[in-house]
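S.K.: Chains A and B supply the protein sequences, listed in that same order. Using our numbering, you'd call the opening residue of the first sequence number 1 and step up by one each time. Using our numbering, you'd call the opening residue of the second sequence number 1 and step up by one each time.
Note that these hints are calculated values from the structure, not bench results. All C-beta atoms in this analysis are idealised placements derived from N, C-alpha and C, irrespective of residue type, glycine included. Hints may contain errors.
Unchecked claim - If we take Cβ atoms under 8 Å as the criterion, some of the chain B residues that face chain A in the derived model are:
| no. | residue |
| --- | --- |
| 1 | R77 |
| 2 | G79 |
| 3 | R82 |
| 4 | S92 |
| 5 | S105 |
| 6 | S112 |
| 7 | P115 |
| 8 | A120 |
| 9 | A141 |
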Amino acid sequence: MSGSAILLQFLNGLAGASSLFLLAAGLSLIFGVTRIVNFAHGSLYMLGMYLAVWLSESVGFWPSALTAALAVAALGAAIEMSLLRRLYPVPELLQLLATFALVLIARDFALWAWGPEDLLGPRAPGLEDAVEIAGGRFPEYDLFLIVVGPLVLAALHLLLTRTRWGILVRAATQDRDMAGALGVNQKWLFTEVFALGALLAGLGGALSVPREPANLTIDLSVLSDAFVVVVVGGLGSIPGAFLAALLIAEVKAFAIGLGFSKATLVVEFIVMAAVLVLRPWGLLGREAAPLRGPAALEPPLALPSRNVLRALLALAAALALVPLLSRGYALVLLSDVLVFALFAVSLHFITGPGGMLSFGHAAYFGLGAYGAGLLLLRAGAPMEAALVLAPLAAGIGALAFGWFCVRLSGVYLAMLTLAFAQIVWSVAFQWDAFTGGSNGLIGVWPSAWLASRTAYYYLTLGACLAGIAILWRVLYSPFGYALRASRDSPLRAGAIGIDVRAQQWAAFTLAGLAAGIAGALYAFSKGSISPETLSVPRSVDALVMVLLGGIQTLTGPAWGAALFTWLQDSASREFDYWRAVLGAVILALVLALPGGVGGLLGGRSTR
Amino acid sequence: MSLLEVRDLSKSYGGVQAVRGVSFDLDAGERVAMIGPNGAGKTTCFNMLNGQIAPDAGSIALGGRPLAGLPPRKVWRLGVGRTFQITATFGSMTVRENVQLALLSHHGRLGSLWPLASDAHVEEAEALLERAGVKELAARACAVLAYGDLKRVELAIALANRPRLLLMDEPTAGMAPSERGDLMRLAAELAREARTAVLFTEHDMDVVFEHADRVLVLDRGELIARGSPGELRADPRVREGYLGDA
Numbered sequence: 001m002s003g004s005a006i007l008l009q010f011l012n013g014l015a016g017a018s019s020l021f022l023l024a025a026g027l028s029l030i031f032g033v034t035r036i037v038n039f040a041h042g043s044l045y046m047l048g049m050y051l052a053v054w055l056s057e058s059v060g061f062w063p064s065a066l067t068a069a070l071a072v073a074a075l076g077a078a079i080e081m082s083l084l085r086r087l088y089p090v091p092e093l094l095q096l097l098a099t100f101a102l103v104l105i106a107r108d109f110a111l112w113a114w115g116p117e118d119l120l121g122p123r124a125p126g127l128e129d130a131v132e133i134a135g136g137r138f139p140e141y142d143l144f145l146i147v148v149g150p151l152v153l154a155a156l157h158l159l160l161t162r163t164r165w166g167i168l169v170r171a172a173t174q175d176r177d178m179a180g181a182l183g184v185n186q187k188w189l190f191t192e193v194f195a196l197g198a199l200l201a202g203l204g205g206a207l208s209v210p211r212e213p214a215n216l217t218i219d220l221s222v223l224s225d226a227f228v229v230v231v232v233g234g235l236g237s238i239p240g241a242f243l244a245a246l247l248i249a250e251v252k253a254f255a256i257g258l259g260f261s262k263a264t265l266v267v268e269f270i271v272m273a274a275v276l277v278l279r280p281w282g283l284l285g286r287e288a289a290p291l292r293g294p295a296a297l298e299p300p301l302a303l304p305s306r307n308v309l310r311a312l313l314a315l316a317a318a319l320a321l322v323p324l325l326s327r328g329y330a331l332v333l334l335s336d337v338l339v340f341a342l343f344a345v346s347l348h349f350i351t352g353p354g355g356m357l358s359f360g361h362a363a364y365f366g367l368g369a370y371g372a373g374l375l376l377l378r379a380g381a382p383m384e385a386a387l388v389l390a391p392l393a394a395g396i397g398a399l400a401f402g403w404f405c406v407r408l409s410g411v412y413l414a415m416l417t418l419a420f421a422q423i424v425w426s427v428a429f430q431w432d433a434f435t436g437g438s439n440g441l442i443g444v445w446p447s448a449w450l451a452s453r454t455a456y457y458y459l460t461l462g463a464c465l466a467g468i469a470i471l472w473r474v475l476y477s478p479f480g481y482a483l484r485a486s487r488d489s490p491l492r493a494g495a496i497g498i499d500v501r502a503q504q505w506a507a508f509t510l511a512g513l514a515a516g517i518a519g520a521l522y523a524f525s526k527g528s529i530s531p532e533t534l535s536v537p538r539s540v541d542a543l544v545m546v547l548l549g550g551i552q553t554l555t556g557p558a559w560g561a562a563l564f565t566w567l568q569d570s571a572s573r574e575f576d577y578w579r580a581v582l583g584a585v586i587l588a589l590v591l592a593l594p595g596g597v598g599g600l601l602g603g604r605s606t607r
Numbered sequence: 001m002s003l004l005e006v007r008d009l010s011k012s013y014g015g016v017q018a019v020r021g022v023s024f025d026l027d028a029g030e031r032v033a034m035i036g037p038n039g040a041g042k043t044t045c046f047n048m049l050n051g052q053i054a055p056d057a058g059s060i061a062l063g064g065r066p067l068a069g070l071p072p073r074k075v076w077r078l079g080v081g082r083t084f085q086i087t088a089t090f091g092s093m094t095v096r097e098n099v100q101l102a103l104l105s106h107h108g109r110l111g112s113l114w115p116l117a118s119d120a121h122v123e124e125a126e127a128l129l130e131r132a133g134v135k136e137l138a139a140r141a142c143a144v145l146a147y148g149d150l151k152r153v154e155l156a157i158a159l160a161n162r163p164r165l166l167l168m169d170e171p172t173a174g175m176a177p178s179e180r181g182d183l184m185r186l187a188a189e190l191a192r193e194a195r196t197a198v199l200f201t202e203h204d205m206d207v208v209f210e211h212a213d214r215v216l217v218l219d220r221g222e223l224i225a226r227g228s229p230g231e232l233r234a235d236p237r238v239r240e241g242y243l244g245d246a
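So here's chain A without its partners, still in its complex pose (with noise of 0.2 Å):
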């Protein structure tokens, strides 16, 4: 590389860095105040973007983007009046699946307005051409972003710190109780804090049209860049956000001049592993103070009881005689329903008892499931040798990201797993060669003796079942307690010797091996795999199960995903739109039904 274009790619970079910053410093903000994680920070990016497209036709270019972020912040304090503040009470879990489920309803809603083609928008009016630095061309407009993030870093520094409202703005971040004790009126300052990120957000998206196209799936891919921009800068910390920004743009950047545009999130990857290793809490960022548990009142565990065993027993055996009646429809149904038990009940293993959010499992099922075709299809392997190895991929996977995400915990703790998820996907949607990109594999079908519906039917009822009864017998063994007990108190569980960060990396580790199970016999019930099996709403699936069912049940999880699977297998026929609709369920049970189906059958009692 010469002179010149390195000093081209680290415009590039720092051109990139702004609106990464936009995003970022939004959902770093509405953090520090309401202490949301909004996951719904990328469709406000994505909106801004739609919105600024869909106006420049009627106004041009930089009213549209002006108006755009105006509406988005419109849309944010309207959310955040009819929805978040009956959320601020809530478990963190709730939370997040709330502003997940707002991912889903707009982008089911921009899919509704503009279709499932990419938008590509006008060029920015006075900034079209290029401009000639070091004898290679380069953009004006990209210019023009150069300064952006440098001059809102600038005027939220001086709106934080010079006026009245920035005061009551880091009160509020610094104790949200006392701020109300002293009187300041929390209810309009969420408000308009929860609006100024959006706006920023909003600004965010508008101002990349002229860089790239408007697309249903930029809402995941920036959400997933600004989590790990606000992991590395520190969460809460604008100035963190900035620098972190600039560190993982130039990065990218980089990565790209030199010729690794595939391995763009992978070399993302490493930077933030890298700071985290130095700096758990980030560049700038403090330690954060605990967070709520999910299961600070949880009663003990006790051991079920004859009569409940002898239900679960007789449920096994029911599901047993099933292809005795049936060898249509209902056994496809119930196999998947038997892999997303496991799958959900791995899930509740370690965000359950385990204490840590999880919002990437679909990172191990989705490991287990490519493991499985990649084995099957490129390396030869029989089906029988790829079914058992494909599961230790995904055991080595949750091995080597868990090893970062147990140095976390809480919210931190569930961006970084969505993080490393969207990682993992990333991986398999773009080397085609290899994983088959966006298609993903075809052909992987089980051996012969395996091949009828009953014949596999059969072996994932003996493989979810033995699993799903594993994990739950282990949560009753020492290495459960001494999970639980680092999840009660990491203060005490310290105290009388328990290694609290090896505790938890080996659950992660094991529910990662058994979501790999439950993704290597999805895959060859399917035929074919698809990066969708390794995607966040994947992975939110699993956590809507474990919600569903309650996440203080044992065997809440496992009804969860019965209900859910077959709820889905319904909606997905009858609307267009289901994923929207999945979204308004979350919203309804998040909002109405907190302890889950399970706590409402009196699932307490099966404990």
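We have chain A; now place chain B onto it with these hints.
M.R.: Showing chain B alone in chain A's frame:
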């Protein structure tokens, strides 16, 4: 050689010197009270002794083995038990399970994936609970206990590894006067029979003068006086700085 040797221990938070050049010894079987006003550095000292925070300077040795800078779990394995000023127990477990888990850890069985934890070391756990006077609470969930009871559950947990050194941070806070006497008599028993060294912080001077063999007085991070309760009662600096002229 003393059981515990603390030399020139220092810790600052930002610009605040919380503990400055603190040195003292503790012998096996001795009960020592650490007193001082709020902010004197008592809890910081405790946190350094059990590995919760690493000292900036100075050394800590237990039976000749250095332990400054080790994490709490390793300090515990060397035989240091601790109760906290704000109690820390496992809320989603019963009182007995809390103690059973500490015993499982003591016996090196935390990695086992199969046996039922609730069947492990039942008798030993019951004996510890009886000793701490909370046997009748064994089946209750820790999350619903009263504060004074939690203090005693913590003590039972702390005794699970037969500590050589027991650190009790305000053990009697939140207890009725009669309960305080019971708890401190239990500490005396441990010191006498198991030769456990007991270091405790306490705001109630009656408890201190009745139950401590020696007293360390901390003020603004420094040890300003030490001696038997009788000696300190006569020390004008202690009277002025801490006891008042009562």
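S.K.: None of the hints should be skipped; say for each whether it holds.
M.R.: To see whether the hints hold, each was checked on the structure:
1. For B/R77, the shortest C-beta to C-beta distance to chain A is roughly 5 Å, which falls under 8 Å, so the interface hint holds.
2. Residue-level restraint check for B/G79 is violated (minimum Cβ-Cβ distance to chain A is 11 Å; threshold 8 Å).
3. Interface hint at B/R82: satisfied, since its Cβ lies 5 Å from the closest Cβ of chain A, which is below the 8 Å cut-off.
4. Because the closest C-beta pair between B/S92 and chain A is about 4 Å apart, less than 8 Å, the hint holds.
5. Given hint, B/S105 at the interface with chain A, holds; its Cβ is 4 Å from that chain's nearest Cβ, closer than 8 Å.
6. Among the interface hints, the one on B/S112 holds; its C-beta lies about 5 Å from the nearest C-beta in chain A, closer than the 8 Å criterion.
7. Checking B/P115 against chain A by beta carbon gives a least distance of about 6 Å; that is within 8 Å, so the hint holds.
8. Checking B/A120 against chain A by beta carbon gives a least distance of about 7 Å; that is within 8 Å, so the hint holds.
9. The restraint placing B/A141 at the interface with chain A holds, with a minimum CB-CB distance near 5 Å, inside the 8 Å limit.
In terms of the numbered hints stated before, the structure departs from hint 2 and from no other.
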